[in-house]
Structures are given as structure tokens and as C-alpha cells.
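> Letter by letter, the chains look like this.
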Amino acid sequence: MTMTTALCDDMSATDNIARYNFAYLDEQTKRMIRRAILKGIAIPGYQVPFASREMPMPYGWGTGGVQVTASIIGPDDILKVIDQGADDTTNAVSIRAFFAKMAEVETTTDTTKASIIQTRHRIPETKLEEGQIIVFQVPIPEPLRFLEPRETETRKMHAVEDYGLMHVKLYEDIAQKGHIATNYAYPVKVKGRYIMDPSPTPKFDNPKMHMSEALQLYGAGREMRIYAIPPHTEVVSLDFEDYPFEVQTFKEPCALCGGTGVYLDEVILDDAGGHMFVCSDSNYCEDRRANGHRGALSPDILDEDTAEQQREGTDR
Amino acid sequence: MYVAVKGGEAAIKAAHELLADRRRGDRSLPSITLDQITEQLALAVDRVMSEGALYDRELASLAIKQARGDMIEAIFLLRAYRTTLPRLGYSKPVDTAKMKIERRISATFKDLPGGQILGPTFDYTHRLLDPSLASDEQVPEASEADIGGEMADEAMPRVSDLIAGEGLIEADSQPPEDNGEWPEPGDLTRKPRQFPMSRDLRLQALSRGDEGFLLSMGYSTQRGFGTSHPFAGEIRIGEVEVEVDMPELGFAVSIGRIQVSECQMVNKFKGSKSSSPKFTRGYGLVFGQSERKAMSMALCDRALRARELDEDIYAPAQDEEFVISHSDNVQATGFVEHLKLPHYVDFQAELGLVRKMQAEFNERFAAVDDDGDQEAAQ
Chain F
1 MTMTTALCDD MSATDNIARY NFAYLDEQTK RMIRRAILKG IAIPGYQVPF ASREMPMPYG
61 WGTGGVQVTA SIIGPDDILK VIDQGADDTT NAVSIRAFFA KMAEVETTTD TTKASIIQTR
121 HRIPETKLEE GQIIVFQVPI PEPLRFLEPR ETETRKMHAV EDYGLMHVKL YEDIAQKGHI
181 ATNYAYPVKV KGRYIMDPSP TPKFDNPKMH MSEALQLYGA GREMRIYAIP PHTEVVSLDF
241 EDYPFEVQTF KEPCALCGGT GVYLDEVILD DAGGHMFVCS DSNYCEDRRA NGHRGALSPD
301 ILDEDTAEQQ REGTDR
Chain Z
1 MYVAVKGGEA AIKAAHELLA DRRRGDRSLP SITLDQITEQ LALAVDRVMS EGALYDRELA
61 SLAIKQARGD MIEAIFLLRA YRTTLPRLGY SKPVDTAKMK IERRISATFK DLPGGQILGP
121 TFDYTHRLLD PSLASDEQVP EASEADIGGE MADEAMPRVS DLIAGEGLIE ADSQPPEDNG
181 EWPEPGDLTR KPRQFPMSRD LRLQALSRGD EGFLLSMGYS TQRGFGTSHP FAGEIRIGEV
241 EVEVDMPELG FAVSIGRIQV SECQMVNKFK GSKSSSPKFT RGYGLVFGQS ERKAMSMALC
301 DRALRARELD EDIYAPAQDE EFVISHSDNV QATGFVEHLK LPHYVDFQAE LGLVRKMQAE
361 FNERFAAVDD DGDQEAAQ
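Those protein sequence lines, which keep their order, are chains F and Z.
Residues in the first sequence are numbered from 1 upward in steps of one, following the numbering used here.
Residues in the second sequence are numbered from 1 upward in steps of one, following the numbering used here.
Check before you lean on any hint, since a few could be wrong.
To be verified - In silico lysine-lysine, DSS-like type, Cα no more than 27 Å apart, as pairs:
id : chain 1 : residue 1 : chain 2 : residue 2
1  : F       : Lys169    : Z       : Lys356
2  : Z       : Lys65     : F       : Lys101
3  : F       : Lys156    : Z       : Lys191
4  : F       : Lys39     : F       : Lys127
5  : Z       : Lys356    : F       : Lys30
Simulated from the structure, these hints should not be mistaken for lab results.
Let the sequences and hints guide you as you build the complete structure.
What follows is the structure, given as C-alpha cells:
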């Protein structure tokens, strides 16, 4: 608390026109959000309504995640921010810069070093550990929303655990298409009670939520909801006995680090259908390359090839 | 060949520099001042204050300048500042009957106590472009009429209160039983939005709602999607005192004046199972001078009272969850524009699925085709 005051004083000294509290939000707001988080942890998977604030970035840009992070972050925290798995996507850069400025915290791209990881659309490949908190940015928190557009109805459905509609939807997928046609935001059941939207992460990441050692917090700013999965909680992806849940698989390894069993992004190389697959988790990929792993299109392998060609050229 | 893109940080910085450059425009022209915006683009300032939900002309002007005239961006800037301000307390209800009137008209009565006052309105102007404004033309001061003592002192009661005397219109709202205290109104910005909503919260949401959205919703009720038979009972624009109770003093003190636009729609109501035929009300109140917004708000307010008045709910404008959930332009623009953010992880998942489903479809199609060929051969 003393640290907080000190930081505020520093800021006001340099800028008297507009003053902001440590990590932007005022302390009453943080307290309100922390209460919502605690309630969310106490009722895993339940969407807690909270009085979401306007944030200095637009709704849809992660205002829910930013509010959660702003409420839990302290001066000693180390923050990592990823978007689509990568630390260097523009919005991740922007949010990281926001906290570096407003909370003056240390930031990192190293998954293992971070105490708080704010993410959009991915869970890092490296297993999260006890004491870490992962904060998800959530656009539509309601897993039943596209089956029933009314909040008044879906809240009732959750209250009485009326999830028939969701099972029918999954069944219809199988009946009509031969498999469940949901690849991201794949619904899960938390601790045997609430059906929850894992935010639009690919279903590839769903197994990482199950019995995670890290605390998982979800913030939806525009929709004014917070929910949580405490560490060591059962998280089951919905499926049927004869159609068990499966994650995406990729035929080829990462073209840069050669990694397999990880989520890959497709990168288009030309207008003739040429493409390559690379790790979506940029930190994981860099880490592997730093440890000597190489993929088929890794720049230094290519460089060596060209260097060799050049040598061959001069030899002749 | 793929080169891992590093440098989001540098790109953002450069983009911000370019934005600042474009905002300033041609340096040979003087920079527009906040006073000029406040004075000469006053209605833009009013809209930003109203939808930004913060009454401060200077900050609204700054927001408009910073946003390069993009109104929703300016509204957003003001909101994001407002939300960080501590809540010191709540004012007493403003009394619009005591308004210092600049404009006041009624479409329901030819004449009424206090009279009709046109004020500074675009109504009855011919929309012909005025070339004289292209240069710095001198504009004469507006003339002032000297109204005699008697008229100047004449009270200007609200039209709805005048009709109320006859019992033809519903009361403003149900007064508390046993003359008890009126219940404290809610605060939309401090509690999460939940449905069904009480009228006080709904009116707050409408007052900060997007002018264009409310205009279209209000318009739809006039075209038969939730017919509400409206009459513009009264529109008044002017300044009202804002009073705050001072616990140390034991009485209320005026902390200043704000300009507001108020609209009382009077709607014919044929009665329902539970209430008699009478006139009902729709109410609009917004910061600054914005009749269009106040009128649209009043139309929407009335349409949204369908549940309370036991009317059939079938039109979009009567649907509280639909209207209130989608009226906030800061929320709407954020979510629409967030589609610009990278979605390649999700898109990758969809690519995989569509490829698989297409392959399955082609296989089935090929199988059917083969059967067809065989039959033809036979």
C-alpha cells in the first residue's frame, strides 16, 4: 500500500493535469473487481456480473482482462502479455506498455518468469505452475449465447443446470457433419457444474485447463462478467462416449523450431498456395531455437544453405 | 520466406506519430483552439458531453480536437477519463420547472402559460448553403426583446403537469406509499447491467446512448414497430441549477448550472387489462442542446415501458434487452472494430475444419457421381 502511494506521488509530480492511480483503476474499483474475482473462484465457472469500467482502450481490445490484471497486479509482479500466443503482436505490445507505464512493473516474454500472464486466444505451451495467474480476455463469456441470445434466459439455464440445448447442438453437429464443428471456444464443464466458455482459445488448449496448477481468471469487460477456475480444478471438454473430445493435430512440425504437439499458425508464403506452419507460441518457439532446435525453414539453416551455395559458387 | 515479425512496438510508435501529424494537418494554418470548438462547434461539444456522460465543455472540446472530429472517438476519450474520477456524491434531482429557458415549445397546445419560445433552432431555416460563412463574415448580435414585468415573472410550468391537473395523464411515477422517501435511484456506472431493468437505470442508459441508434429506434416506433402514438408535449432547453446536500451545513447548496434538453412525449394509450385509457409519458433528458436526442430518448423510453403498461411486446424498440444492450456506442464501436485485431489462431482452427469438411463433401459427391455413371452405363 505504501508503495502504491509512493508511485502515485511520483506520477503527480511529473504530471499535474491528469493523475492516475497505480495500475490506472482507483482503489474502490479494484476492491469491487477483487470481490467479483473471489466470488468467481468460490463458484468455479460461474459468471459473476461486475460493474465494468470504461478503460483507455476500446471494448473488444481486452478491457475485461486489463481490469482483472489491474486489480490483482502489485509492484513486485512480473507481467507477460500475449495475443494469439505471441508476445510481439501489436495489441500485446500495447497492453504490456500500458502496465509498464501505469504500474511500473517488470514485464517479460518468458512464460516461466511471469507471475501474471494476460492472454488473448491462447494458453502458453509451457506448463503453468503453482503461483502463476493466467488472465484471459473474453469477448462473449456466455457459452450458450449463440444458442439463446437473451441474457435473462441463459442465466436461468445456468441456474437450473439446463444444458440440454448445448448437448443437442453438439449432437446435431455429429448427425449432420460427422463430427463436432467447434474448434475454438469449445465449451467445458467446470467441477461438474457450470458449462463455461474458455474464451476463443483453440480447443487444442482445453486440456491445459484441466487440473492446472495456475489460477485461471477470465474477464469480459463489455459484457461485464468475471469468472474463474481455481488451481487443481476438474475441467472437462463436452463430448459423447462414442465421439470423444479430440484436439487438433498438425501433419508437419513447426518450420522454424521443428516443434511437434504444439499449436501452429499457417503462414502464407506466396499466391500459389505455398504455406508453412510455425509455432503460435512465440516464446516457446524462440526458447527451442535458443536451445539448438531447428525446423525445415529456419532462417539460419537457409542462411547456411545460401552461404554454402555462395562458397560453391566462388570455388568454381 | 517467412521473417518473424518483431517490432510491433516500433510500428505502434510510428503510427501514433503519423496520427498526430495528420491530426495537426497543414502547419501553415493556425491550430484550432478549444475555445473555438466550444463556441463554434457547440452542438458537437454537447453531443460528446451527453454520450460521454461528463458535463465539461473544455474537456469535450479537447476530446473533439484530439479525435480529429470523430465523435465516437471523442465520446470514448471522455468516458475513459470520467471513469477514473472518484464519486464524491450525488446531486439532488434537478428541477426543470425552474429552468432558465432558452427554448420551449409544445406541439400539443397553441398557447400555454409561459408561452412558446423558439430559441436558437434550425427549425424553419431553409437548408441552403450560406456562402457568407466561407469567409470571416461579421455576424450581428442577436436582438433582445424586452418582455414586460408581468410576462417575465410568469412561471413556466411543465406541460405534462398542466395536463396532469385533469387526471388525463398518468402520474410522473408512482409516489411512495405513506408519503415516504422516494427510493434512491440506481447508478448504471457502479452496478453491472442486469435485466429486467428499472426505469431509472434504463433512462440513464438511454441518456448516454448513441444518438443515431436511439433516433432509428424511436423512428421505428413511429412506423408501426411498436406504435406509441406520440405527441411532443413539450421540449425545453435551458440551464438548471445543480444542488448538492451538504451534510455539514444541513441544507443543499447550488454548485453550478448545466444546460439540458428535456422532452416530454405524451402518448395516447388505449388502456389494457390492468389500466384505464389515458395519456402516458415518455421522457428524455440529455446534457446540452440536443432536441433530436431528447425526443428519440423519450420515444424509446415510452416504447420500453411496454411491460410495465401491460402492452404486447413485439417490436425491437420495446425489447429492453435488445435496445439497452446495443445503445452504447463506445461498447458497440469497440466490439465491431476489434475484428481488426489478429484472429489467426481461431482462423487457423476454422481453416482446418473447412478443409476437412470440404474434403468429406467432395468425397461424398464423387461417390454419388460414380453411382450415376454406372447407372447410365447400364
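> Take the hints in turn and mark each one as holding or not.
Evaluation of the provided hints:
no., hint, verdict
1, F:Lys169 with Z:Lys356, "20 Å, holds"
2, Z:Lys65 with F:Lys101, "24 Å, holds"
3, F:Lys156 with Z:Lys191, "20 Å, holds"
4, F:Lys39 with F:Lys127, "26 Å, holds"
5, Z:Lys356 with F:Lys30, "46 Å, violated"
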